[in-house]
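Asker: Sequences listed follow chains A and B, in order.
One point on numbering: in my numbering, the residue at position 45 of the first sequence is 45, and numbering is uninterrupted.
One point on numbering: in my numbering, the residue at position 56 of the second sequence is 56, and numbering is uninterrupted.
Simulated from the structure, these hints should not be mistaken for laboratory data.
Misleading hints may appear alongside valid ones.
[Stated by the list, open to error] Some, not all, of what chain A presents toward chain B, calculated at C-beta under 7 Å: (1) L54; (2) S70; (3) T113.
Note that the coordinates shown come from a computational prediction; the quantities given were computed from them, not determined experimentally.
C-beta atoms are modelled at their ideal positions from N, C-alpha and C, and glycine is treated no differently.
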Amino acid sequence: MTAGEIGEHASEQPLTALDHPGGDSISAHPELTMSDAGAAVLDGPFTTRQLVRLDEALRLADEETGLTFSVYVGDLEEPVRRHADKLHKQLDGAKQAVLIAVSPNQRILEIVTGSDARKRISDRDAKLAALSMAAAFAGGDLAGGILSGLDQLASHAGRS
Amino acid sequence: MSVLSTVLIFVVIPVAVVLIIAALAMAGSDRGQRNRRYRPGRPYDFQPIWFLAAPEQVNRATDRPGPDRRALHGHKPHAIEGHAIEGPVIEDSSGAPVLPGPTGGASDRW
Numbered sequence: 001m002t003a004g005e006i007g008e009h010a011s012e013q014p015l016t017a018l019d020h021p022g023g024d025s026i027s028a029h030p031e032l033t034m035s036d037a038g039a040a041v042l043d044g045p046f047t048t049r050q051l052v053r054l055d056e057a058l059r060l061a062d063e064e065t066g067l068t069f070s071v072y073v074g075d076l077e078e079p080v081r082r083h084a085d086k087l088h089k090q091l092d093g094a095k096q097a098v099l100i101a102v103s104p105n106q107r108i109l110e111i112v113t114g115s116d117a118r119k120r121i122s123d124r125d126a127k128l129a130a131l132s133m134a135a136a137f138a139g140g141d142l143a144g145g146i147l148s149g150l151d152q153l154a155s156h157a158g159r160s
Numbered sequence: 001m002s003v004l005s006t007v008l009i010f011v012v013i014p015v016a017v018v019l020i021i022a023a024l025a026m027a028g029s030d031r032g033q034r035n036r037r038y039r040p041g042r043p044y045d046f047q048p049i050w051f052l053a054a055p056e057q058v059n060r061a062t063d064r065p066g067p068d069r070r071a072l073h074g075h076k077p078h079a080i081e082g083h084a085i086e087g088p089v090i091e092d093s094s095g096a097p098v099l100p101g102p103t104g105g106a107s108d109r110w
């Protein structure tokens, strides 16, 4: 590898903000290290700590059950159920995917389980999780509700 | 102790201390952060967020063109799905729609 190659690589994917010697370090421009979507999430309703906990909960739920858990927070088009189904279909391996769609404006939440996931999380279990999530949301605890819902769904699904 | 110095010590100085502490407290509190919290009934005007443990698992139909997004279009839903025959909405005794199709789940309001 030559010095020229390093320079080319750096322009393709900037690892530091040192475009010219003596410039700022990457810690002065944290937005360069994340995608547009990542930067938008930081402007959202969740604190950094809540985001970290959500990420951890999703990862643990995925690992323990072998299903794909996913959480959508945002407006849903009417009819809500069909929109949630459409989002669920966009997931890779939708049969094994579980989508929790929360619309704080419409004050509605949908849990969509794929055909395989439905065998492990019955509709009754999903309804139980939905009830506890709705209770938390009614108290204004968006992140806590999602976390407890994920926890319930994952424990109902059991280990893979 | 004259009246002037009494007033100075017991009124002006405590008031000054109180004002300084109040100003520091107002400057220190991060009000913008607290207002972003969701409260039921208040408008929620944030961008939609979609969380996944592995973000590459989502096939986004509507995303901006970009070199790194190309891999996400691995398998798009077939066009036939748009023309699927849709049966009438079945309702149970309480009027709640029975979920059609293979997907299950639940819904709730608050």
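Asker: Would you mind marking each hint as holding or not holding in the structure?
Answerer: Hints versus structure:
Checking L54 of chain A against chain B: minimum C-beta separation of about 6 Å stays under 7 Å; hint holds. A hinted interface residue such as S70 of chain A counts as satisfied when its beta carbon comes closer than 7 Å to some beta carbon of chain B; here the least separation is about 5 Å, so the hint holds. The beta carbon of T113 of chain A is positioned within 7 Å of a beta carbon in chain B (closest approach about 5 Å), and the interface hint is therefore held.
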